[in-house]
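Asker: Chain by chain, the residues:
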Amino acid sequence: MPEPMSRREERTDAAPPPFLMGRGPGGGPGGGPGAHFMRQVEHAKNPRGTVARLWGYLRHQKWALIFTALAVIATTGLNLAGPYLLGQAIDKHILVGDLPGLIRICLLMLAVYALISLLTWFQTYIMAAAAQRAVAEIRNDLFEHEQTLSLRFFDQRAHGDLMSRLTNDVENVSMVLAQSVTQLVSGFLSLVGVGAVMLLLNWRLALVTLLTIPVMMLFLTRWVGGRTRTGFRQQQKALGKLNGIIEETITGQRVVKAYNREQAVMADFDFANCELRQAATRAQTFSGFIGPMMNFVNNLGLAIVAGVGGWMTLGGLATVGTIASFINYARQFGRPLNEIASLYNTIQSAVAGAERVFETIDEQPDLTDAPNARPLADIRGEVTFEDVDFGYVPGVPVLKQVSLHARPGQVVALVGPTGAGKTTIVNLLTRFYDIQAGRICIDGQDIRQVQMADLRRQLGIVLQDTFLFTGTVMDNIRYGRLDATDDEVFAAARLANADTFIHRLPHGYQTPLSERAGNLSQGQRQLLAIARAILANPSILVLDEATSSVDTRTEKHIQEAMLRLMQGRTSFVIAHRLSTIRNADQILVINHGEIIERGTHETLLAQGGFYHHLYNSQFRANGKGNGRERGNGREGEWAPAATVMTPA
Amino acid sequence: MHAMRKLGTYLRPYRHWAILAPLLMMLEVVMDLMQPRLIQRIVDQGLANGDMPLIINTGLLMIGLAAFGLLGGGGCVVFSVLASQGFGADLRGTLFGKIQSLSFGNLDKLETGRLITRLTNDVTQVQDLVMMGLRIMVRAPLLMVGSLIMAILTSPTLALLFILLVPLVTAAIVWVINKSYPMFSEVQRRLDAVNTVMQENLAGVRVVKAFVREAHEIGRFHGANTRLMDQNITAAQTLALNMPTVMLIMNVGVVAAIWLGGVQVTAGGMHVGQVIAFINYLTQTLFSIMMVSMMTMRISRSAASAERIQEVLDSKPEVVNKPDALKAFAPQGRIAFEDVSFSYDGADADPVLKNVSFVAEPGQTVALLGATGAGKSSLIHLIPRFYDVTEGRVTIDGMDIRDIDETALRGKIGIALQESVLFSGTIRDNIRYGRPDAPDDEVIAAAKLAQAHDFIMSFPDGYDAIVGQRGVNLSGGQKQRLAIARALLTQPTVLILDDSTSSVDVETEARLQEALAASQPGRARPTNGNGRNGDHSDDFSRPTGPEATEVAATNASSVVRRPSSSRTSLIVAQRISTVLTADKILVLDNGRIVAEGTHAELMESSPIYREIYESQMER
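Chains A and B, in that order, are what the protein sequence lines are.
Going by the working numbering, 350 is the number at position 350 of the first sequence; the sequence numbering is gapless.
If you want the working numbering, it's the position in the second sequence, counting the first as 1, plus 648.
For the record, the hints were derived by calculation from the structure and aren't laboratory data.
Treat the numbers as computed from the prediction; the structure is a model and nothing was measured.
Every residue gets a Cβ at the ideal spot worked out from N, C-alpha and C, and that includes glycine.
Treat each hint with caution, since some may be false.
Unchecked claim - Calculated lysine to aspartate or glutamate pairs in the EDC-like style (CA-CA distance at most 16 angstroms, straight line):
(1) Lys556/A <-> Asp1051/B
(2) Lys970/B <-> Asp1051/B
(3) Lys1002/B <-> Glu1039/B
(4) Lys746/B <-> Asp270/A
(5) Lys746/B <-> Glu262/A
As the list claims (entries may be wrong) - Each pair of labels, with its calculated beta carbon distance range:
(6) Glu986/B <-> Val396/A: 27 to 35 angstroms
(7) Gln263/A <-> Lys757/B: 52 to 60 angstroms
(8) Val396/A <-> Ala1163/B: 24 to 32 angstroms
(9) Ala1163/B <-> Asn583/A: 46 to 54 angstroms
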């Protein structure tokens, strides 16, 4: 008699501890907070196709699946045998007083139960491995595929969302694969099996039982289910609103305090909190009713089996053993029904999650190598833009008719106000995005006709905001060329003026850095980026000069290092420093997505145009020209030159 | 555990419900426990004696008791939900309110991301635990003890089996949990590693692509992913032992009961119904043990949440109002630092500011210059009392700011912080943040001053454009200008710009500076004191005595130098072009003021200033 009197316990917390489940990205803030609160049932758009693809991942574990299937069938059958043997033991042996027979049947029962446990364990054991392998494969596929996607894809999606696909969604799928599927299968098998055995044992009692229990159960779940669904929907909405307020307020907590907004913010919060409380109370109450109701139906089943069974026994239509068996069968029948109902929701959510994962995997890379893409090696470094048009979003042009020509080894300074399109030019050269019209060529070859990897290998980029990976300083420099020897790394660091500060770090080159690298200043991080680029030894360079937050000494180091780096390479510099601009072979002045002026420092100054104004507003205090600019800080100091040049 | 007990006080307002729920649960459990006994009666008395009315009556009684149980169970649900939701909402509210009362120093220590997790995840964890606690955590032990008692009552001899079974089941469960628990912690660690690779890959996507390191990244990911998979498999396979083992022990017990019971029945010492009932109680007891074990694991996890919440609730605001703090306050805006030292971690730690003294006269613009980490932001954060000084004092109009009510003080100060945080809502709402009742024309005036009007008007919805994920995308420079407009709209006596034009291009910044200079309220409205239109009520409480005369004196002196006296501005800057026009430039190095003066004076006297100047301006 393997079934306890009440089955409620199983439902409540018998699943493996929830810490199995993945944590949201970055500690949660960005990634769907409250998802843990209660699982909302989502529906997949194309469940059939998604399930088929999930199946595809499992197929690699064919033997595991076959074995699990056999084990599930066997355990279901053996589970049916248990109560039957109990009934037999009572009717044929205990009531008759056949002790040797009782021993035999007891041994048989022991064997059956041992086999059930063994098979259950084996099946869980094997399925756990199979499911985890499949999930690891899905994760790998997802990650690998994301590597082929262009920046446009990453621009359009919130990182939190992509992260949650990799963690939560995949984890949901794994839970379902590991447990729910076998549960579902064994549930269905039990239903059929129990029904059949009950009918065989005593069809009259079976009919009475089967007509009451499932019908009651369906009725109750439907009644509760409808109310629960709407309740949860409202709760989810209220929760989302509250979490939004929390996230925003805490993130901006310093501003809240600076502007004395604590009271106002708390009023907003209290309102949303109260709304959530009401919605949650409703939802939780209705969903909580399921437990006592199932319990009631179970007890009702017991009463029917015992009462009706007893009445039938007296009439000779049943036996005591049958009642004992039926008590168990009735419960075995009720349980899968309940389970299937809740599994259905779990599986729905998982399939919806899997669909999101596959959606990403199916994302077509919009930047691919042309079928006949040529390799690109040993280039001279000549860069041309011919009438390039580009916009990140269709209909919003960012660059218009941009043409430029950089000869090998030249330094090209890009100058202009923020948002003018300087960074965009760089993004196009590296083919992070494809242009809408015109042509970009390196050494006369359209960059769309060469292999992307080759193209980027020829390009070195040092951005203002240096990204560092988890790992040591050494690892981070070596990112520029993975096969570089230690000595090459040291040499690059020396050339980048990074050597000195690295030696001052607690573990030198072996100092671990974290993503945000709190232990390094922005300037130091940029020095590392320069070292990285030196190590990569590109033919064409793209540099973004830092605008702020770098102290004077580091700034000097950076400048020196950049000069060294630019030696003998074609360089594009998003310039903020006058020295860089002055020494450039050509200056491109960009405004509103167009190159409005080009030339050298002297010729541009002589033109008296935009650059001239820009120069004046930015560097006007450098001593030449009228004495007013040297002034010591009275109003009127802000020369009209600056205002005149308001971009038209 | 201690933290959990402390949080228990939040349950006090709902104690009636919290007491009712377990009582009702007890009703349900008792009703459940009666059922096997009644079956036994049907079998042993009804069937044995052929007593039809007894069978029917007992059957009806069973249904009646089940209905009673349903009532108890349902009632328990209702009250446990009421109690736990009330508890959760109160706790969340208290926690949120607590965070509002904390000062910057606390926030630095607690970290934004973790605070959010506490308010969302941790509160829910604890709240769920309360709900569970009032239901299953009552039910399982009750059922366990109840079944045990009923089993003993049903058959004292068979109950001897428990002496063997209970320790066995407990041992098996404890063994599996002890073995798998550390495994799952390891799973979590490895999952974090996978997440880290992914997160870095997303954040550094440009670097990855620029260096053509996709293959390298994939390799890194495969490694982390495989390690995670291996651990997941090990942990799941260990846990897979749990159910089958417990089931086996239980079923062995069942078989033993059948055999022993069978022997007794044959010997006439027992009835069949007793055996059936006993078996039911037996399985019930053993299953309850498993439930209790799972609950313990849950409680230990929630305990961690409770501790994290308690940590926030326990933290004391570092900046607090004095009981007699001045509430009404209308300063002229003379700010003085008197020998101020400051460290983020109290007196023992390395000071960030050392013996800083300077004066900003009403209407003056004081600029702060220096390398990263020199202490510029720390210095200006002391003025609105985001932090309290460690030594020395900061005064406004001669009054120690610690004697002024925080709200009153900050009401006079407009500050644009280094990172410009905007809130969801329209642009108008954001500018109005510090003064929600400001009329539209003032909002527009502030935006124009901050050089934000033009770009705002370039949005289709203008000032009603929604900011944030679903709305317009603002560049860093645009956000900064909105933050400045927000600060200006409060018509502050003291304006603080903390490197808040770093992303604004030089030319726009120049226009902004000019507009700010031209807008000095004193100049536009020559006599109107502090230029705040909103609340005149506090104008009456001007300090009297020595401070007042001092204020008057400085006023006079500043009038000589410039025809305005209304808005004292403190500007932190990286670019030297930003500070050229300041009345006073403070050069900070390593927490000390190393030079002070106008641009011209500093060019003469300060080598450090010259070095900065030359590096940015070129000779």
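Asker: Each hint should be assessed against the structure and marked as holding or not.
Answerer: Okay, the hints, checked on the actual structure:
1. Lys556/A <-> Asp1051/B: Violated. Lys556/A to Asp1051/B sits at ~45 angstroms, over the 16 angstroms cutoff.
2. Lys970/B <-> Asp1051/B: 7 angstroms, holds
3. Lys1002/B <-> Glu1039/B: 9 angstroms, holds
4. Lys746/B <-> Asp270/A: 13 angstroms, holds
5. Lys746/B <-> Glu262/A: 10 angstroms, holds
6. Glu986/B <-> Val396/A: 27 to 35 angstroms: Once the Cβ atoms are compared, 54 angstroms apart, the range 27 to 35 angstroms for Val396/A and Glu986/B is violated.
7. Gln263/A <-> Lys757/B: 52 to 60 angstroms: 24 angstroms, violated
8. Val396/A <-> Ala1163/B: 24 to 32 angstroms: For Ala1163/B against Val396/A, whose Cβ atoms are near 29 angstroms apart, the range 24 to 32 angstroms holds.
9. Ala1163/B <-> Asn583/A: 46 to 54 angstroms: 34 angstroms, violated
The structure shown violates the earlier hints numbered 1, 6, 7, 9.
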